[in-house]
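Turn these sequences into a full structure, and let the hints guide you.
Protein chains in written order, with the numbering used here: chain A, 606 to 965; chain B, 25 to 140; chain C, 140 to 311.
Source of the hints: derived by calculation from the structure; they are not laboratory data.
Misleading hints may appear alongside valid ones.
To be verified - DSS-like mimics (lysine-lysine), calculated; alpha carbons at most 25 Å apart, straight line:
| # | chain 1 | residue 1 | chain 2 | residue 2 |
| --- | --- | --- | --- | --- |
| 1 | B | 69 | A | 696 |
| 2 | B | 138 | A | 696 |
| 3 | A | 696 | B | 133 |
| 4 | A | 690 | B | 133 |
| 5 | B | 69 | B | 58 |
| 6 | B | 133 | A | 940 |
Said to hold, decoys possible - Calculated Cβ distances over 12 Å to all of chain B for the following chain C residues:
| # | residue |
| --- | --- |
| 7 | 158 |
| 8 | 173 |
| 9 | 206 |
| 10 | 252 |
| 11 | 294 |
Owing to the predicted nature of the structure, the values given are computational and were not obtained by experimental measurement.
Positions of the beta carbon are idealized from the N, C-alpha and C atoms, including for glycine.
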Amino acid sequence: MYDFTGMIQGINNWLHSVMPDMAATVVGWVLIGAIYLAIFAVLGLVLVLAERKIAAFFQLRLGPNRIGPWGIFQTVADAIKLLLKEPVGTKRADSFLYNLAPYFVIIGALMSISVLPFAKGLQAFDIDIGLFFMLAMSSIGVMGILLGGWASNNKYALLGAMRSGAQMISYELSVGLSLLTVILMAGSLQMSEIVEAQRDYWFIFKGHIPAVIAFMIFTIAGTAETNRTPFDLTEAESELGAGFHTEYSGLKFAFFFLSEFVNMFIISAIAATVFLGGWMPLHFGGLEGFNHVMDYIPPVIWFLGKVAFMIFLLMWFRWTFPRLRIDQLMKLEWKYLLPLNLMNILLMAFVVLMGWYLGS
Amino acid sequence: MGAEAILVFFIAGIVLVGGGALASKLLSPKSTNKDKWEPYESGMKTIGPTWVQFKVGYFLIAILFLIFDVETIFLVPWAVVMKKVGLVGFVEIVIFIVILGLGLLYAYKKGAFKWE
Amino acid sequence: MGAKIIFYLIAGLMILFSILSVSTTRVIRAAVYLLFVMILMAGFYFFVGYNFLAGVQLMVYSGGIAVLIVIAVLLVHNIDHRMERIPVVEYLWKGGVLLAGAILTILTINQFPFQRIAGTEDVSVSRIGTKLLSLGDGGYVLPFEVISILLLAVMVAAIIIAKGEVYKNEEK
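Set out below in structure tokens:
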């Protein structure tokens, strides 16, 4: 019902009609780049504010409330302040690697966002290996953290980076393996096709038991992969200062902070896209009238609503659970999640083989 | 957009970080206080070298990660075609995962996941 | 024309970072330059349309091997230590030998008349999967299963090396 393919095509044709082909292509690229950078920045501002407001809600406080109505411009003010801060590093640090580290985390996050479908046709880059591409990109971010911590010449930063590296690579496995259950049902890695395959049922309903298990594993592993509490021992304030970005200040710190929140958005968006139907409205196979009513709500609202739900869940975790120790963390991944994941994949394969899933 | 999107987003990322770093360089104050450039250690002077030797456990985790990463890579094409291939694909993957499960069991028995 | 420019740009950057990787005196920077080469390699695969292979390159080499190398470097004592600078003369004659080898290789490869085989343009994941699981002609099911045994062997070896079991037994 809401198809943006025509609209995007129209804008593209209009660009080509008013200027030469080469210039139109370049202008199109610049436009897309600018739009995604704007999305990136707005995401950071909104998510940080949401985090602080939700933290305040859980702790019976008001949260930021001075700048603008209900404090909604607080994070904008923070961003300006960070821009005006003096960049202080450490002496004897490897300054080339120190300055390089933010590029890794930001580019990794930006590339991951580029393949997300916001609605039908509203997607910058519909590559045929979409989901796999996102996994690959998230594995690049680890390098940024390791290098940033190493180049800082600070014990806290180095310890935080090593913990972070070990944690992120461990939980990356669980993220990847839990997504395999969805790929089994969808039979494709392309994001648009994965969403299309959920036209009759969302995958979490379609795959019932194994899909719910995979969803839970994905949520746990995703929380760990984004280094959020209860898995935030990489930047445990009480032991390590601020972890790997202890020695970063000003805008360079802001980049790490931004990418952390954008990564939370990415994990939530993956969960929303592959388990909760992405922009696909709530559909049940056979209930045509119900499906038709649901179609009236725009897909962008469906997508952002699901992502907001997932983000709220992750923030809820953060303000509910205490931090784990590193041995508990490794135990959880290697002794419980990984074997469970492998068995779950076999179960899902069996379900797919026997055709015991809902819908087609 | 086709594959050129990778280039576009790569450049966008560089513009964001590079532009940010440049703006911060132009706008931020500069001080010549040398103490600011000491490593932060809760106010104490740092003692001894920063780059200490890490325990071998981290290395073991990295190698095990690599093994299961490669395994994931082989599982992805399987998962894409599993619906089409049917029983043959299922039997093959049961063998594949059981053999790797043995490895995981071995690692568990040898205490590779113990974090002392 | 544009394709050629991109090809030579990526190739040039790869050569540059490879040289930097072997000529730097700091271990960790060598690892980072190597990482750049790996990422550029993935860029190459994206460029020619082998998307899955590019993803594999990013995931295993940039995300796995490079992290492994960095962690291995951190295991080594005295990381601050700089490696010795190699004298320029040695650079020259070693570089000359390498260049001669490269020219010889390129000339030899150009001698062979490469031909495009029909039906190999499709490199989608589903085609890879079908080939990997097929029992018939041109199927790769045996290598696929052998890989799991190989991975098992790697895992056992890694644990033995890292835990130092053999070494401990000898001491007893």
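Results for each hint:
About 13 Å separates the Cα atoms of residue 69 of chain B and residue 696 of chain A, which keeps this hinted pair within 25 Å; it holds. Proximity of residue 138 of chain B to residue 696 of chain A is assessed by CA-CA distance (about 37 Å); at most 25 Å being required, the pair is judged violated. Proximity of residue 696 of chain A to residue 133 of chain B is assessed by CA-CA distance (about 45 Å); at most 25 Å being required, the pair is judged violated. Proposed proximity of residue 690 of chain A and residue 133 of chain B is contradicted: the alpha carbons are some 52 Å apart, above 25 Å.
For the hint pairing residue 69 of chain B with residue 58 of chain B, the CA-to-CA distance comes to about 13 Å; that is within 25 Å, so the pair holds. A threshold of 25 Å between alpha carbons decides the hint, and for residue 133 of chain B with residue 940 of chain A the separation of about 11 Å falls inside it, so the pair holds. Taking the minimum C-beta to C-beta distance to chain B, about 22 Å, the non-interface status of residue 158 of chain C holds against the 12 Å cut. Annotated as non-interface, residue 173 of chain C keeps its C-beta farther than 12 Å from every C-beta of chain B; the closest such distance is 16 Å.
Distance check on residue 206 of chain C: its Cβ comes as close as 6 Å (rounded) to a Cβ of chain B, failing to clear the 12 Å threshold; non-interface status is violated. Every CB of chain B is more than 12 Å from the CB of residue 252 of chain C (nearest about 29 Å), matching its label as outside the interface. Distance check for residue 294 of chain C against chain B: the nearest CB is about 4 Å away, which does not clear 12 Å, and the non-interface claim fails.
In the structure shown, a violation is registered for the earlier hints numbered 2, 3, 4, 9 and 11, in ascending order.
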